[in-house]
Amino acid sequence: MADTMTFDLVSPERKLASVEATSVNIPGMEGDLTAMPNHAAFLTTLRPGVVKVNNGNDVTEYVVTGGFAEIAAEGTSVLAEQAMPKDEATAEVLGGVLSAAEAALEIAVEDTKTAAAQRVNDMKTLMGQLGL
Amino acid sequence: MANLKDLKTRIESVKSTRKITKAMQMVAAAKLRRAQEAAEAARPYAQQMNAVLGNLAKGAANSPTAPRLLAGSGKDDVHLLIVATSERGLCGGFNSSIVKLARLKIAELLADGKSVKIITVGKKGREQLKREFGDNMIKHVDMSDVKNVGYVNAQEIATDVLARFDAAEYDVATVFFSRFRTVMEQTPTAQQLIPAVFEDAGEDTVAPNYDYEPDEDAILADLLPRSVATQIFTALLENGASEQGARMSAMDSATRNAGDMIDALTIQYNRSRQAAITNELIEIISGAEAL
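Top line first, the protein sequences correspond to chains A and B. For the first sequence, the numbering used here begins at 9 and goes up steadily by one. For the second sequence, the numbering used here begins at 18 and goes up steadily by one.
To be clear, the hints were calculated from the coordinates, so they are not data collected in a lab. Glycine residues also receive a C-beta, built at the ideal position from the N, C-alpha and C atoms. Misleading hints may appear alongside valid ones.
As the list claims (entries may be wrong) - To give an idea of the chain B side of the interface with chain A (calculated C-beta under 8 Å), a few residues:
#1 Y62
#2 G110
#3 V163
#4 D234
#5 T247
#6 Y286
What the hints assert, rightly or not - Derived DSS-like pairs (lysine-lysine); straight-line CA-CA distance at most 25 Å:
#7 B:K92 / B:K164
#8 B:K117 / B:K147
#9 A:K23 / B:K164
#10 A:K60 / A:K132
#11 A:K132 / A:K121
#12 A:K23 / B:K92
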């Protein structure tokens, strides 16, 4: 069994990481999950949260605000709507995302209301987690 | 023959024009590098997005529950054209070639009895289309304050485009932009956004059997709007690189033309100067002889 897999983190504007990793922690829409080498092919959307990349020695953390992840046996790629290393995630940046989410909730119609409310909630949880 | 003073001023003026075009060319070259880097950085995301969506779409395209963004509204009566051009001129045929392509398409659609709505991005395209199709324009996106095109800009446009689709304002959306090939070559391109079309992923993906969370339809519904934004973003970036490339080569030939002109004028100036001197000498000599 391979002990590492490739991990890519890309946002529309840039490629943040392309490294070998032993495991990756991903904030899936329906719960956190950890992808390891030889994982079954899996596709999930993301909620705002922290992606933790473990390369065997140390852990790198990135903040994502949504997007989706594609997991396959030989590698994992996270396509984030917006992503940044954890220390770049300031209250200012995330606050902007939160207020955008709140604005979306304001105008949300019946079918999208739950999703919009969920997003606002997730953003708040994330900011709480980061202590912002 | 123009007198010496006139020629001299003329040469000076062409010289300063050459300085300006030379400077613009160098600025464009620097900006081009940045624009190219931005376009390159955005590529992995767009490619992956396309691959994943292509896989999903293949399965969902024929199902009756397929999202409207994929299946379309069932008609193609009203077309929305998003024409992306630059905010500034002096970039050769860049804007005109995009507008020309859009104009052809509009004429074709109108001849088929369809109605056309236009959103322009960038003021140069609007200026060119306004006279002919002013009544079809529904919106203009001003990018003059935007220094570096970000995903946010694309998202804004996408949100508006999607809202209009939900409100059944149109059936088919196409974006017009210029694809960057090389500095010398940019190809005006039309890309259909809604209903979504995917190039066949073909050989590179042996579609693995994915597990989906949440289910397939939900993911597709979540990804399709994002893909619209991504495609608009790609179009804007390609446009940015193309604009600088076109400007660079336009300014390069302008600089060269100015050089040629200076050479020609200098020769003319020297000839006139010599003729004037010869004239003066003849006058002096014939004056002396007359005594």
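Against the structure, the hints come out as follows:
1. Y62: With a closest approach of 5 Å, the B:Y62 hint holds.
2. G110: At 29 Å from the nearest chain A Cβ, B:G110 fails the 8 Å test, so the hint is violated.
3. V163: 14 Å, violated
4. D234: Hint on B:D234: violated, closest Cβ of chain A at ~12 Å, above 8 Å.
5. T247: 6 Å, holds
6. Y286: 54 Å, violated
7. B:K92 / B:K164: 38 Å, violated
8. B:K117 / B:K147: Within the cut-off at roughly 13 Å; holds.
9. A:K23 / B:K164: Between A:K23 and B:K164 the Cα gap is close to 21 Å, so the pair holds against 25 Å.
10. A:K60 / A:K132: 19 Å, holds
11. A:K132 / A:K121: Satisfied, since the Cα-Cα distance of roughly 17 Å is no more than 25 Å.
12. A:K23 / B:K92: With Cα atoms ~39 Å apart, A:K23 and B:K92 exceed 25 Å; violated.
In this structure, the hints that do not hold are numbers 2, 3, 4, 6, 7 and 12, in rising order.
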